[in-house]
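Asker: Listed below, chain by chain, are the residues.
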Amino acid sequence: MNNLTYRTFKDKLFFYLICTLASLTVVPLFAIIWELIQKGYKQINWSFFTETAPSTLDAMLARSTGDIIPGGIANGILGTLLMVIIAAIIAIPTGILVGIHLSEHPKTKFSNITRFITDLIQGSPSIVIGIIAYTWVVKPLGSYSAFAGSVSLAIMMLPLIVRSTEETLKMLPGSLKEAGLALGASYTSVVLKILLPSAFGGLFTGILLAISRVMGETAPLMLTALGSTAINWDVLEPSSAVPLLIWEFYNDPNLIDMIWSSSLFLLLLVLTLNLIAKRIARKWKIQ
Amino acid sequence: MKEEMINIQDPILQLKDVSISYSPGKNAVKNIYADIAKNKITAIMGPSGCGKSTLLRAINRMHELYPDIKIMGEILLDGKNILKMNPMEVRRMAGMVFQRPNPFPTMSIFDNVIAGYKLNGISLSKSEKEEIVERCLTNVGLWNEVKDSLYKKGTFLSGGQQQRLCIARALALKPDVLLMDEPTSALDPIATNRIEELLLDLKQEFTIVIVTHNMSQAARISDYSMFMYLGELVEYDTTQTMFTNPKDKRTNEYLSGQFG
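For the protein sequence lines, the chains are A and B, in the order given.
Just so we're aligned, residue 0 is where the first sequence starts under numbering that gives the first Met the number 0, counting upward by one.
Just so we're aligned, residue 0 is where the second sequence starts under numbering that gives the first Met the number 0, counting upward by one.
No wet-lab data here; the hints were simulated from the structure.
Ideal Cβ placement from N, Cα and C applies to all residues, glycine included.
Don't take each hint at face value.
As the list claims (entries may be wrong) - Lysine to any residue pairs mimicking SDA-like chemistry, simulated, CA-CA at most 25 Å apart:
no., chain 1, residue 1, chain 2, residue 2
1, A, Lys192, A, Arg212
2, B, Lys152, A, Lys108
3, B, Lys117, A, Val189
4, B, Lys202, B, Asn213
5, A, Lys284, B, Thr154
6, A, Lys108, B, Pro66
7, B, Lys151, A, Lys108
8, B, Lys117, A, Pro172
9, A, Lys169, B, Lys202
10, A, Lys192, B, Lys117
To be verified - To be clear about the criterion: a stretch of chain B counts as covered by chain A if any three or more of its residues have a C-beta under 8 Å from a C-beta of chain A, and this derived list gives those stretches:
no., segment
11, 55-64
12, 88-99
13, 107-118
14, 132-138
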């Protein structure tokens with residue numbers, strides 16, 4: 000009997016232990032968000048989204064009078080959007096086609112090598128990918144550019160899209176492909192008109208996650224996009240990005256306040272994309 | 000050389016010495032000779048693994064999905080050897096209905112019926128599409144049930160309705176022969192009954208070859224029956240003769256439930 004009480008106690012103890020540890024994992028996220036909101040909300044106003052990053056002098060003057068720092072991060076937001084869009088244009092079609100190949104011919108030697116390389120790219124430190132984009136794009140073009148930044152981001156997105164495409168297509172029942180072929184459809188039209196639309200939810204989720212993954216990348220952009228103080232629409236010119244701006248603000252004691260607002264913005268953007276991706280994944284789940 | 004076991008006048012489909020192997024030297028289907036009658040229902044029966052589905056799938060060359068399968072012999076559809084034709088063309092002439100209903104989940108009921116045209120890149124006018132959809136859905140007895148929800152997804156239908164939709168989808172291409180691979184094995188008795196009645200109607204227009212391991216189903220609907228065992232065609236006769244007076248001992252044993 001005594002033994003039983005002891006075992007029940009042990010059970011309870013274990014249960015509460017895992018509950019405590021599980022709830023501990025949410026603490027950092029909420030702590031970060033709380034801190035960012037507290038320190039950053041003041042800076043987030045209309046000009047935060049419409050004006051370029053302030054100069055040290057303006058920031059210093061504002062700080063001395065106790066005002067909020069003027070200006071915003073419009074150059075960074077535009078740069079991030081431009082680079083992510085171009086990266087997506089490069090990575091999405093390529094990634095989906097590679098994913099189709101991997102799911103259709105899963106056991107060939109070529110597929111195994113491709114899968115292995117995809118894993119390697121996914122595991123590569125992002126700074127290394129930045130260096131590669133530097134030698135491939137910046138050097139030949141002779142200038143740092145938003146385009147070079149996009150190439151490095153595209154390389155980082157690729158493995159995520161490839162694997163999510165492969166996994167989603169694998170989940171589709173084989174009967175779907177048979178049904179299409181049995182109607183005399185060509186292999187291409189079965190893939191494009193039946194398999195891909197049926198896998199839409201999974202593909203879209205993978206793409207959103209890949210985008211949110213690269214949105215906060217800093218290291219590869221330092222070597223490729225470099226940064227810019229002006230709003231820049233020319234993709235062949237150096238460009239700023241939100242994470243690059245955060246790094247710049249960190250290096251300038253007068254602009255420290257801008258770190259919090261920019262980080263808050265970036266974090267919320269990435270979290271929103273993640274949440275949307277989860278929603279879509281649930282809604283379009285393959286039956 | 001074996002000869003056909005039954006003499007069929009004016010056959011639409013002829014199997015001549017058909018053997019199918021999954022790996023070299025091991026035949027899943029062995030030297031089958033059979034003629035299949037036009038506008039009749041021919042049932043292929045036999046225990047699991049006897050090669051009946053394999054044989055059926057050879058007729059519209061679905062085997063090409065699996066690289067190691069080899070088909071030997073000749074399969075003549077309307078006198079043309081389908082093994083020498085383009086598989087896409089063959090599959091349009093020989094429609095197939097599968098074990099589980101598999102309507103395309105992203106398409107509406109309407110689009111599912113004309114999917115064969117869409118996937119083959121054949122453009123139809125609006126009135127042609129409507130005509131085909133109404134005719135095929137009427138053919139399978141689904142028109143009155145779904146005419147107000149044609150633009151809903153096909154996957155919202157019940158299992159039996161989905162299977163009838165799949166039959167309509169196959170009929171839309173006006174195939175010469177309709178191949179059915181245990182089309183009712185995933186359905187309840189009422190839905191099964193409706194499909195069986197439907198097949199009896201459809202044979203006015205189409206030739207149907209149906210694989211079934213349900214003997215009473217074969218007895219109810221088919222005109223001719225084949226019994227396969229271990230890859231061989233053991234017996235092929237009119238259904239009536241087969242069920243009342245089987246010639247082969249194995250057929251008799253199977254039909255009387257001694258194995259299967």
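Asker: Against this structure, judge whether each hint is valid.
Answerer: Evaluated hints:
no. : hint                   : result
1   : A/Lys192 with A/Arg212 : violated (29 Å)
2   : B/Lys152 with A/Lys108 : violated (39 Å)
3   : B/Lys117 with A/Val189 : holds (11 Å)
4   : B/Lys202 with B/Asn213 : holds (20 Å)
5   : A/Lys284 with B/Thr154 : holds (14 Å)
6   : A/Lys108 with B/Pro66  : holds (16 Å)
7   : B/Lys151 with A/Lys108 : violated (43 Å)
8   : B/Lys117 with A/Pro172 : holds (21 Å)
9   : A/Lys169 with B/Lys202 : violated (38 Å)
10  : A/Lys192 with B/Lys117 : holds (9 Å)
11  : 55-64                  : holds (count 3)
12  : 88-99                  : holds (count 8)
13  : 107-118                : holds (count 4)
14  : 132-138                : violated (count 0)
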